[in-house]
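Protein chains in written order, with my numbering: chain V, 1 to 222; chain E, 1 to 232.
Treat the hints as calculated values from the structure; they're not laboratory data. A portion of the hints provided could be inaccurate.
Said to hold, decoys possible - Simulated coverage check for chain E against chain V, where a stretch passes if three residues somewhere in it have a Cβ under 8 Å from a Cβ of chain V:
hint, segment
1, 53-66
2, 70-76
3, 107-117
4, 130-139
Stated by the list, open to error - Computed beta-carbon distance windows for the label pairs:
hint, chain 1, residue 1, chain 2, residue 2, range
5, E, Asn49, V, Pro170, 38 to 44 Å
6, E, Ala223, V, Leu13, 21 to 27 Å
7, E, Asp176, V, Pro90, 46 to 52 Å
8, V, Glu161, E, Gln32, 37 to 43 Å
9, V, Val24, E, Glu38, 51 to 57 Å
10, E, Leu232, V, Ser157, 32 to 38 Å
Unchecked claim - Negatives, chain E to chain V, calculated, CB over 12 Å:
hint, residue
11, Ser154
12, Leu225
13, Thr231
Glycine included, every Cβ here is placed at the ideal spot set by N, Cα and C.
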Amino acid sequence: MPRALWTHLAKELRIEWRSLDAIVSMLFFSGLVVVLFSIAFDPGGAFSQQIAGGVLCVATMFASVSALNQAWAREIRHQVLDAQRMVPAPGAELFLAKVLANFLFVTIVQVLLAPVFIVFYNLHIAGQGWLLALVLPLGTWALVGNGVFFAALSIRSRNRELLLSLILFPIFIPALLAMVQATTAILTGESDPTLWIKLLLGYDIIFTTVSLLLFDVVFHAE
Amino acid sequence: MNAPASEAASSTACARLDQVSKLFGAFAALRQVSVEFEPGRCYVLLGENGAGKSTLLRILAGLLRPSFGTVRVFGTAKTGGVEPHDARERIGYMSHAPMLYDELTAQENLRYFASLYAGRACLEPADALRQVGLDPELTRTLGQYSQGMRQRTSLARVLLSVPELLLLDEPFSNMDVESARQMVELLAGFRQGNRTIVLTTHQRELAAPIADWVLTLHAGRVASLEPGRPTL
Numbered sequence: 001m002p003r004a005l006w007t008h009l010a011k012e013l014r015i016e017w018r019s020l021d022a023i024v025s026m027l028f029f030s031g032l033v034v035v036l037f038s039i040a041f042d043p044g045g046a047f048s049q050q051i052a053g054g055v056l057c058v059a060t061m062f063a064s065v066s067a068l069n070q071a072w073a074r075e076i077r078h079q080v081l082d083a084q085r086m087v088p089a090p091g092a093e094l095f096l097a098k099v100l101a102n103f104l105f106v107t108i109v110q111v112l113l114a115p116v117f118i119v120f121y122n123l124h125i126a127g128q129g130w131l132l133a134l135v136l137p138l139g140t141w142a143l144v145g146n147g148v149f150f151a152a153l154s155i156r157s158r159n160r161e162l163l164l165s166l167i168l169f170p171i172f173i174p175a176l177l178a179m180v181q182a183t184t185a186i187l188t189g190e191s192d193p194t195l196w197i198k199l200l201l202g203y204d205i206i207f208t209t210v211s212l213l214l215f216d217v218v219f220h221a222e
Numbered sequence: 001m002n003a004p005a006s007e008a009a010s011s012t013a014c015a016r017l018d019q020v021s022k023l024f025g026a027f028a029a030l031r032q033v034s035v036e037f038e039p040g041r042c043y044v045l046l047g048e049n050g051a052g053k054s055t056l057l058r059i060l061a062g063l064l065r066p067s068f069g070t071v072r073v074f075g076t077a078k079t080g081g082v083e084p085h086d087a088r089e090r091i092g093y094m095s096h097a098p099m100l101y102d103e104l105t106a107q108e109n110l111r112y113f114a115s116l117y118a119g120r121a122c123l124e125p126a127d128a129l130r131q132v133g134l135d136p137e138l139t140r141t142l143g144q145y146s147q148g149m150r151q152r153t154s155l156a157r158v159l160l161s162v163p164e165l166l167l168l169d170e171p172f173s174n175m176d177v178e179s180a181r182q183m184v185e186l187l188a189g190f191r192q193g194n195r196t197i198v199l200t201t202h203q204r205e206l207a208a209p210i211a212d213w214v215l216t217l218h219a220g221r222v223a224s225l226e227p228g229r230p231t232l
């Protein structure tokens, strides 16, 4: 791992450990979504198996956006971003560190949310449950990778929080579709999720590569 | 009025702006500014709010690109001079904001930034903090510091990489007179190492002891460039 990447990542983790801003807000928000959906729909029987994948993905998505909106907040405050732009380390490593850190935060929220989710939706996994350990990280990476990139892109905008949602959600649709379909296929066991997993993997590779290549341009823009 | 720019002086200039203008939409923050900064000198930039001082510093730091004109640091195009962005590890820039993380201690902040200067001999974070008169053992996070202490920590961050060109935007703001005097003495020592300082201030008298040149901007133009009377 390049030294600067590790340095950035350690800083991100240390700051989150002290503030718990991202994890607490995500946990609260996603917990609320899960509970509200369980009240809005009857969480019993086969129907819950059908909608559970979608609820999980949407809860993750909306919760992540609350954290992603804050991904660069500390850099904007006190003009730390200028100090970052003055150091000779590549901006792409700062980007990757933020993606890794936010990926970890969202994963922690998902792990904490899982038991609540299983209880509220009375879930019995009919398919290959272990594939969820592939689908959820791939979907989360797609969301977080794009989210951190577009949050950086909208950093200088006055309506940056609105702008992030407006840009991120349409671009995330293919990954969201693949994530929901794969999760539903695993939970119901009615279809094969392999194609959707491959789509997620391809999406992640393409968007992460493009983001890494373009990040320095975004980072050093006036 | 522009600073004199002889061919011989240009080749050794620490930084040189040639007919630089900077537009923000229809507003011209800088208008055809040509000025040279010699090594080992301290330049004090004066001017009212909106005169273009901060814009000039940000252009020298490589954080802004000029709309027109050219900027070279550490020589001319013929003598290995480069655009500021390509020499950013040799330039230190301190804004009026601290440019540090509130959630980290001063030493954690400095250690973090020092480790991003790979291949450059940096000061020890504790030494940099002592230089600016702060106790490196303080365990409070920066968010709990006073404005003056943040300002000093910010200066320590800039000094970390031992830059050859030091750009300071309002370094004395939020500082008491004694702290400002200590900072001036520190900067005098820094300048004696043949390093160039360009600083903006509204408190001319505080910077006077190290001012080799006083550059006054008015409405984005160089209004005057006068020799100072440095005593340090």
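(message) To test your reading of the hints: which numbers does this structure violate?
(response) 2, 4, 6, 7, 10 and 11
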